[in-house]
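Chemist: Those protein sequences? They're chains A and B, same order as listed.
1 is the number of the first residue of the first sequence in the numbering used here; add one for each residue after it.
1 is the number of the first residue of the second sequence in the numbering used here; add one for each residue after it.
Some clues are possibly wrong.
Derived coverage of chain A by chain B (criterion: at least 3 residues anywhere in the stretch with Cβ under 8 Å from a Cβ of chain B; other residues may be distant) [to be verified]: (1) 7 to 17; (2) 65 to 78; (3) 81 to 93; (4) 101 to 109.
Think about it this way: if two alpha-carbon atoms lie no more than 35 Å apart in a straight line, the pair counts; the simulated DSBU-like pairs of lysine-lysine are [to be verified]: (5) A/K67 - A/K98; (6) A/K98 - A/K37; (7) A/K67 - B/K15; (8) A/K68 - A/K37; (9) A/K67 - A/K103; (10) B/K78 - B/K15; (11) A/K68 - B/K17; (12) A/K26 - B/K17; (13) A/K98 - A/K68; (14) B/K17 - A/K59; (15) A/K68 - B/K78; (16) B/K15 - A/K26; (17) A/K67 - A/K50; (18) A/K26 - A/K68; (19) A/K103 - B/K11; (20) B/K78 - A/K59; (21) A/K37 - A/K103; (22) A/K37 - A/K67; (23) A/K103 - A/K26; (24) A/K98 - B/K15; (25) A/K68 - A/K103; (26) A/K50 - B/K15; (27) A/K37 - A/K26; (28) A/K98 - A/K26; (29) B/K17 - A/K103; (30) A/K37 - A/K59; (31) A/K103 - A/K50; (32) B/K17 - A/K98; (33) A/K26 - A/K50; (34) A/K50 - A/K68; (35) A/K59 - A/K103; (36) A/K26 - A/K59; (37) B/K78 - B/K17; (38) A/K98 - A/K50; (39) A/K98 - A/K59; (40) A/K37 - A/K50.
If you are wondering where the hints come from, they were derived from the structure by calculation, not from laboratory data.
In this text, a Cβ means the ideal position worked out from N, Cα and C, and glycines have one as well.
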Amino acid sequence: QQPVQSPQAVILREGEDAVINCSSSKALYSVHWYRQKHGEAPVFLMILLKGGEQKGHEKISASFNEKKQQSSLYLTASQLSYSGTYFCGTDSGGSNYKLTFGKGTLLTVNP
Amino acid sequence: GAGVSQTPSNKVTEKGKYVELRCDPISGHTALYWYRQSLGQGPEFLIYFQGTGAADDSGLPNDRFFAVRPEGSVSTLKIQRTERGDSAVYLCASSLTGTTSDTQYFGPGTRLTVL
């Protein structure tokens, strides 16, 4: 089942913060976050595994709430380079190899 | 080191023709995935290889689609009798082990246009 991402789009000014959510109707075993710029390959940001952990990557961090079956991506003090579409990919079927991606969140950071 | 590469980067073909799309994974990665991405959508799973074998081809839309990985490295996605609805970006990804605790690295994709 495809995870649901929210919001669908967000516009920020440089330096502002944003939160992108990824929710599933099924239990999550892992959540993968990617950023894709127009016409380019998705670029890996981070993986969160079952266990409710939080991870950080420069000014980008994420949390994983097993009970709520959701993950959130936090972007703080946004930079122009953060612009792009953010996707979450989830393993919610316990296949241990297959990811299902959400429809993405378009983030635009303006000067 | 080198990332995942895909050729061609663009392919324009006519309805009914046969096409082959190639993926070169990261050296040493045993797992290889094909995805299809339509405009405004996330990558959609097509097929997963572990070594030379297709461990899961449940995402292939129909029997016009076929993929091989004969030596456990390079993979080719083959589409017969192409239809306009096949137009999309076809992405390939590879990972070291194939489990979802492992990172999938994506290639730049092949943009397929069926006229």
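Chemist: None of the hints should be skipped; say for each whether it holds.
Modeler: Okay, the hints, checked on the actual structure:
1. 7 to 17: With 0 residues closer than 8 Å to chain B, the stretch 7 to 17 of chain A misses the three-residue bar; violated.
2. 65 to 78: violated (count 0)
3. 81 to 93: holds (count 3)
4. 101 to 109: holds (count 4)
5. A/K67 - A/K98: This hinted pair holds, its Cα atoms lying about 21 Å apart.
6. A/K98 - A/K37: With Cα atoms ~23 Å apart, A/K98 and A/K37 stay inside 35 Å; holds.
7. A/K67 - B/K15: 48 Å, violated
8. A/K68 - A/K37: Roughly 29 Å between the alpha carbons, so the hint for A/K68 and A/K37 holds.
9. A/K67 - A/K103: Holds, at about 22 Å.
10. B/K78 - B/K15: 15 Å, holds
11. A/K68 - B/K17: With a Cα-Cα distance of about 47 Å, the restraint between A/K68 and B/K17 is violated, given a limit of 35 Å.
12. A/K26 - B/K17: Measuring from Cα to Cα gives roughly 40 Å; hence the hint is violated.
13. A/K98 - A/K68: Since the Cα atoms of A/K98 and A/K68 sit roughly 21 Å apart, the hinted pair holds (cutoff 35 Å).
14. B/K17 - A/K59: 47 Å, violated
15. A/K68 - B/K78: 40 Å, violated
16. B/K15 - A/K26: 39 Å, violated
17. A/K67 - A/K50: It holds: about 10 Å lies between the C-alpha atoms, which stays within 35 Å.
18. A/K26 - A/K68: 10 Å, holds
19. A/K103 - B/K11: Holds, because 24 Å separates the two Cα atoms, which is no more than 35 Å.
20. B/K78 - A/K59: 41 Å, violated
21. A/K37 - A/K103: 14 Å, holds
22. A/K37 - A/K67: Holds, at roughly 32 Å.
23. A/K103 - A/K26: With Cα atoms ~17 Å apart, A/K103 and A/K26 stay inside 35 Å; holds.
24. A/K98 - B/K15: 31 Å, holds
25. A/K68 - A/K103: It holds: about 20 Å lies between the C-alpha atoms, which stays within 35 Å.
26. A/K50 - B/K15: Not OK: A/K50 and B/K15 at ~45 Å, beyond 35 Å, violated.
27. A/K37 - A/K26: Given pair A/K37, A/K26 holds - Cα atoms ~29 Å apart, limit 35 Å.
28. A/K98 - A/K26: Holds, at roughly 14 Å.
29. B/K17 - A/K103: 30 Å, holds
30. A/K37 - A/K59: 18 Å, holds
31. A/K103 - A/K50: 22 Å, holds
32. B/K17 - A/K98: 30 Å, holds
33. A/K26 - A/K50: Measuring from Cα to Cα gives roughly 13 Å; hence the hint holds.
34. A/K50 - A/K68: 12 Å, holds
35. A/K59 - A/K103: 23 Å, holds
36. A/K26 - A/K59: Holds, at about 29 Å.
37. B/K78 - B/K17: Cα-Cα ~11 Å, so holds.
38. A/K98 - A/K50: Answer holds: A/K98 to A/K50 is near 15 Å, not above 35 Å.
39. A/K98 - A/K59: Since the Cα atoms of A/K98 and A/K59 sit roughly 28 Å apart, the hinted pair holds (cutoff 35 Å).
40. A/K37 - A/K50: 28 Å, holds
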